Amino acid sequence: MSVRARPTSPHLQIYRWTITMAMSILHRMTGIANYAGMALLAIWLIAAAMGQEPLMALNFIYGSWFGQIVLFGFSWSLVHHMCGGLRHWVWDFAAMMEPGQREAMAWATIAASVVITLLIWTVFVWAA
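Take the sequence shown: its position 121, counting from 1, is numbered 121 in full-length UniProt numbering, and each next residue is one higher.
Since the hints were derived computationally from the structure, they do not count as laboratory data. This one's a predicted model, so the numbers in the text were calculated from it and none came from an experiment. Some hints here could point you the wrong way.
[To be verified] Quick list of simulated restraints, FRET-style, between CB atoms:
hint, residue 1, residue 2, range
1, Tyr15, Ile69, 30 to 36 Å
2, Met21, Leu118, 22 to 28 Å
3, Glu103, Met82, 51 to 57 Å
4, Asp92, Asn34, 19 to 25 Å
5, Ile43, Ala94, 53 to 59 Å
6, Val70, Met96, 31 to 37 Å
Where is the CB? At the ideal position from N, CA and C, for every residue including glycine.
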């Protein structure tokens, strides 16, 4: 009987990829993206404090098609991170921990973040 060498630590080749794994990684990624987005907000506040000309120049950049895509992504990142935090908060009470429930909450997090982001942009940007 021969002994097989086993990995010392589990890795992605052992685990089957699941939505909850993807959501864990995405939650971390949106947390990092929120730092960059807050830098955009800080830059805007600094431009506003510097006067009308710097603020208008920055508003021109943020108002461009590329700036709008970046701001849309930042707002989605904020909303998605918040929804993921609420999902973890529910789990703190040991609720919704069954396998089917965990996957349903992960999909609901994605759906809610998209719907809420579109609602925010519809009400406050596109309809304004």
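Against the structure, the hints come out as follows:
1. Between tyrosine 15 and isoleucine 69, the C-beta spacing of about 34 Å keeps the proposed range 30 to 36 Å intact.
2. Checked against the hint of 22 to 28 Å, the pair methionine 21 and leucine 118 passes, with Cβ atoms roughly 26 Å apart.
3. At roughly 20 Å, the beta carbons of glutamate 103 and methionine 82 sit outside the given window of 51 to 57 Å.
4. About 21 Å separates the C-beta atoms of aspartate 92 and asparagine 34, a value consistent with the hinted range of 19 to 25 Å.
5. In this structure the supplied range 53 to 59 Å is violated for isoleucine 43 paired with alanine 94, their Cβ-Cβ distance being about 42 Å.
6. Roughly 33 Å separates the CB atoms of valine 70 and methionine 96, a value that falls within the hinted 31 to 37 Å.
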